[in-house]
Each structure stands twice: as structure tokens, then as C-alpha cells.
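Undergrad: One line per chain: the protein sequences are A and B, in this order. Residue 97 in our numbering sits at position 97 of the first sequence; the count goes up by one each step and never skips. Residue 64 in our numbering sits at position 64 of the second sequence; the count goes up by one each step and never skips.
Worth flagging that the hints you see were computed from the coordinates, not collected in a lab. Just so it is clear, the structure is predicted and the values come from calculations on it, not from any experiment. C-beta: ideal position from N, C-alpha, C; glycine also. Be a bit skeptical, because a hint or two may be false.
Non-contacting residues of chain B with respect to chain A, defined by C-beta distances greater than 10 angstroms in every case (computed) [said to hold, decoys possible]:
# : residue
1 : A17
2 : L19
3 : Q45
4 : R67
Taking CB as the label site, the calculated pair distances span [stated by the list, open to error]:
# : chain 1 : residue 1 : chain 2 : residue 2 : range
5 : B       : S79       : A       : L83       : 42 to 48 angstroms
6 : A       : L95       : B       : G61       : 24 to 30 angstroms
7 : B       : G29       : A       : D101      : 24 to 30 angstroms
8 : B       : S58       : A       : S27       : 25 to 31 angstroms
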Amino acid sequence: KAGVTQTPRYLIKTRGQQVTLSCSPISGHRSVSWYQQTPGQGLQFLFEYFSETQRNKGNFPGRFSGRQFSNSRSEMNVSTLELGDSALYLCASSLRPTGADEQFFGPGTRLTVL
Amino acid sequence: GNSVTQMEGPVTLSEEAFLTINCTYTATGYPSLFWYVQYPGEGLQLLLKATKADDKGSNKGFEATYRKETTSFHLEKGSVQVSDSAVYFCALSAMNTGFQKLVFGTGTRLLVSP
Numbered sequence: 001k002a003g004v005t006q007t008p009r010y011l012i013k014t015r016g017q018q019v020t021l022s023c024s025p026i027s028g029h030r031s032v033s034w035y036q037q038t039p040g041q042g043l044q045f046l047f048e049y050f051s052e053t054q055r056n057k058g059n060f061p062g063r064f065s066g067r068q069f070s071n072s073r074s075e076m077n078v079s080t081l082e083l084g085d086s087a088l089y090l091c092a093s094s095l096r097p098t099g100a101d102e103q104f105f106g107p108g109t110r111l112t113v114l
Numbered sequence: 001g002n003s004v005t006q007m008e009g010p011v012t013l014s015e016e017a018f019l020t021i022n023c024t025y026t027a028t029g030y031p032s033l034f035w036y037v038q039y040p041g042e043g044l045q046l047l048l049k050a051t052k053a054d055d056k057g058s059n060k061g062f063e064a065t066y067r068k069e070t071t072s073f074h075l076e077k078g079s080v081q082v083s084d085s086a087v088y089f090c091a092l093s094a095m096n097t098g099f100q101k102l103v104f105g106t107g108t109r110l111l112v113s114p
């Protein structure tokens with residue numbers, strides 16, 4: 001079974017630009033979550049989607065947004081990029097949004113903002 | 001709010017040494033507890049989990065016991081290998097914040113030398 005895939009793997013942007021990251025969950029998984037990983041702040045929850053609905057959102061500014069499609073694939077968008085947005089963005093999927101179901105993580109997209 | 005505290009790294013050990021990485025948590029109610037591992041250039045992999053008090057999670061020689069009385073979930077391995085070198089994250093999920101929102105500790109880097 002294919003794992004969680006994230007595209008692109010690496011991205012370089014300049015301040016003020018916007019970026020869209022994509023995540024394809026494991027086949028059959030309907031829950032997708034996004035995390036930001038930085039050396040300073042560690043791993044922080046961004047948002048969670050289930051059945052195309054955002055169920056939970058972390059403490060990030062409105063420049064960070066996301067969506068989920070009917071095939072469970074998810075995208076996140078960051079507008080007006082800032083230097084501090086440079087990070088590894090991780091996507092995780094699970095069958096259902098319960099504590100009993102394991103979340104499987106993708107390899108991440110490394111975003112560098114210059 | 002919910003939080004996880006784990007020991008600072010790096011932890012440097014020789015092959016076949018005993019490993020302990022401490023993790024304590026603060027949470028409302030009865031969270032599920034996890035240990036994730038991150039190898040260089042990769043996403044997170046679930047190492048083990050425990051969903052209720054006194055549960056012991058185990059995998060690949062690693063163990064951790066959910067201790068509600070001490071709010072701890074320490075990771076142990078009897079004999080580490082060079083291939084165990086990675087960053088280890090303790091995490092929790094709780095019903096009151098949505099199960100899919102994992103709250104992570106800061107991570108502990110383990111370096112095992114031959």
C-alpha cells in the first residue's frame with residue numbers, strides 16, 4: 001500500500017509570494033492533518049480535515065489555509081510568505097479522526113523563504 | 001492547556017547501552033500517548049502508543065508505560081544499535097482538543113556510536 005505522498009518535496013520562494021502544498025493520503029484514509037516543523041518552535045499543529053470539512057485549526061494566522069477534496073487529497077496554502085514560514089510541512093493521514101487510529105506521516109515539504 | 005515535556009538532547013550512547021528518554025505530560029482527562037521517531041530527511045514514524053493508564057506500548061525493542069500517577073511515558077530500550085540514531089518525539093492526543101491534534105514534545109536526538 002502506498003504511503004502518504006507530499007509534493008513538492010522542496011520549494012524555494014521569496015517573501016510576499018504565495019505557495020500551495022499538496023498531500024495525498026493513504027488510500028482509504030479520510031482524515032488529513034498538517035503540521036509545521038521548525039527548529040525554534042518544534043512541531044506545531046496547523047489544521048485537520050475530515051470528509052472535506054475543517055474540524056480543527058491550530059494557532060496560525062489567516063495566511064495559512066487549507067482544503068480537502070472529495071478524494072481526500074488535501075492542499076494547504078500560505079499567502080504573503082514571510083521569512084519565518086521557512087519550515088518542514090508535514091502531512092499525516094488516518095482512517096478516522098479518533099485517538100485509536102494511527103496517523104501516518106508523509107516525508108514533508110521543505111519550504112525555504114528568501 | 002495540554003503539553004509535553006521531554007528531556008533535552010542529544011543523548012549519546014555506545015552500542016548495546018541502555019536507553020531512557022524521559023517524557024512527562026500535562027493534559028485534561030485521559031490522553032492517548034505516543035512516541036514517534038524521525039530519521040534524517042524523513043517524516044515521522046509511529047514507534048509505539050498507549051491509550052489508557054498502565055498500558056505498555058512496545059515495538060522493535062522499545063517500550064514505554066503510561067503512568068497516570070506520575071503523568072509520564074518514558075521511552076526505554078535495553079540495548080541500542082547504531083541504526084537507532086534518530087530524533088524521538090513524545091506526543092499526546094486528547095478528546096478535548098480533537099483527537100487528530102497531536103501535541104509534541106521538543107524532541108530528543110539520540111546518537112549511538114559503534
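Undergrad: Next step is simple, just say for each hint if it's right about the structure.
TA: Results of checking the hints against the structure:
1. Annotated as non-interface, A17 of chain B keeps its C-beta farther than 10 angstroms from every C-beta of chain A; the closest such distance is 26 angstroms.
2. Separation of L19 of chain B from chain A is adequate, the least Cβ-Cβ distance of about 21 angstroms exceeding the 10 angstroms criterion.
3. Under the 10 angstroms C-beta cut-off, the non-interface status given to Q45 of chain B relative to chain A is violated; the minimum distance is some 7 angstroms.
4. Every beta carbon of chain A lies more than 10 angstroms from that of R67 of chain B, the smallest distance being close to 18 angstroms; the non-interface claim holds.
5. Evaluation of the 42 to 48 angstroms hint for S79 of chain B and L83 of chain A yields a pass: the beta carbon distance comes to about 44 angstroms.
6. Roughly 27 angstroms separates the CB atoms of L95 of chain A and G61 of chain B, a value that falls within the hinted 24 to 30 angstroms.
7. In this structure, G29 of chain B and D101 of chain A break the distance hint of 24 to 30 angstroms, their C-beta atoms being roughly 18 angstroms apart.
8. Our hint of 25 to 31 angstroms for S58 of chain B and S27 of chain A holds, since their Cβ atoms are close to 28 angstroms apart.
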